[in-house]
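Hey, can you work out the whole structure from these sequences and the hints?
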Amino acid sequence: MIRANAIAKRTITGQLLEIAMAQSFCAVMITDARLDGEGPVIEYCNAAMCEMTGYTEAELLGRSPRMLQGPLTDQLVLQRLHESLEQGLPFQGSVVNYRKDGCTYHVEWNISPVRDEKGVIRHFVAVQRDISERVQAEQERALLARALNAANDGILITDRDSTIVFVNQAFEALTGYSAAELLGQPTEMLRSGLHEPEFYAQLQEALSLGHNFRATFINRHKSGGVYYAEQSIAALRDESGQVSHYVGASKDISRMVQREMELRERANRDKLTGLLNRHAGEAELKRNQLQAQNQLRPYGVILGDIDLFKQVNDRFGHVAGDRVLKMVAHVLSGKVRRYDHAVRWGGEEFLIVLSDASLGVAAGLAERIRCAVAECADPEVGHFTISLGVGLWEPGETEDDLLKRADAALYRAKHRGRNQVAIATGSMNMPLVQAPELLAQGDSLTFSGKSPDKPWTGAASP
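Under full-length UniProt numbering, the residue at position 38 of the sequence shown is numbered 38, and the numbers go up by one with no gaps.
Please note that the accuracy of each hint is not assured.
Stated by the list, open to error - Taking lysine to aspartate or glutamate and the EDC-like style, the derived pairs with C-alpha atoms no more than 16 Å apart in a straight line are: (1) Lys326 / Glu380; (2) Lys326 / Asp378; (3) Lys310 / Glu349; (4) Lys310 / Asp322.
No lab work stands behind these hints, which were simulated from the structure alone.
Next up, the structure:
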């Protein structure tokens with residue numbers, strides 16, 4: 001009775017398993033345990049197996065699974081399969097198999113031995129899955145990765161939170177970072193700090209509206225330097241239309257930008273002296289004028305003119321005159337503050353534009369320049385001097401008004417003996433005798449009332 005119940009229970013269990021396998025979406029095949037000769041013989045297959053292979057159940061039963069193999073089936077995988085089954089071990093692997101119509105498909109195997117009560121292997125159960133779509137997707141991704149790596153442009157892909165998920169080799173070369181150093185990092189690691197916050201605000205706004213964003217990025221290289229990249233960024237959307245990733249294509253334009261900067265710099269420089277030329281000087285004047293008008297931050301100018309320079313050219317020639325011009329330019333470059341600008345204004349005339357300057361600062365600089373030039377000496381010409389006029393911007397006047405006042409002060413310095421500094425304040429001029437007080441008081445000096453029209457005398461001119 002007990003034995004009969006056990007048999008009945010096993011029968012029911014077997015029926016349930018058979019029903020489960022028959023209804024399974026996975027392809028299931030059961031073979032006997034023969035491994036020699038033609039190999040194992042198929043004893044059971046479910047509907048999913050028939051659908052996957054294109055064969056009917058009748059066409060599969062009694063045949064060897066080798067009927068599904070062909071020229072593209074990997075023999076090394078088959079060899080590993082045979083070795084595992086001989087040792088009674090389960091096996092996992094994937095190969096190319098052939099359907100009834102001759103088409104190939106990629107199949108993933110999970111094969112396990114089935115033992116009887118004595119531990120003898122009687123069957124093998126193979127649960128199989130068609131992974132053709134997965135393999136195709138992987139191949140397409142690999143192909144895309146190869147194509148992206150072959151691209152000259154740097155390719156960057158991030159998730160929605162701007163975390164880097166892919167870079168190609170060109171992007172590695174562009175940034176100096178390896179893919180391992182970039183993946184999983186925020187794009188902020190590449191920022192140079194040279195963009196205004198508005199730049200990134202515009203980027204975020206464009207992407208949030210579904211627009212592409214194209215601009216020149218100034219980013220930080222791994223070496224610490226900066227590089228310029230023309231970059232286009234677009235959103236990638238998933239099947240539901242939601243943004244899932246962002247992709248950026250970057251072209252290195254550092255050399256082009258550097259050349260443009262060099263050309264612009266050369267275009268703004270006087271060829272002989274290396275100082276800013278008049279065109280660039282006028283631009284600096286306009287910039288300081290605008291800043292002064294908007295923020296009430298006064299700026300100053302110093303106009304200088306080499307004394308008796310025409311006589312230098314007439315007596316010693318233009319080559320000697322050029323040497324004198326270069327020496328004066330060298331003095332100016334060495335004396336001005338890093339945010340001031342020295343300009344060759346024309347001929348032997350020079351201009352210094354002083355940002356955020358007081359009259360004391362401007363006058364002190366002019367006097368130091370005068371003294372330094374007076375100490376210069378050319379092998380042929382000997383010593384030479386310079387006269388200078390100083391002006392400080394006042395509310396309501398234009399840059400031309402300021403230049404006219406400085407030029408008038410320069411004229412008085414010339415007229416009263418040369419090698420002098422004359423200071424203009426409004427429609428009045430600072431008297432020469434007050435100059436030491438001006439230098440001593442510096443920024444604290446203020447002007448009020450009418451000052452006598454007398455220039456500040458320096459050393460006597462030759």
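| message | Run through the hints listed earlier and report the numbers of any the structure violates, in increasing order. | response | Checked against the structure, no hint fails, so every one of them is satisfied.
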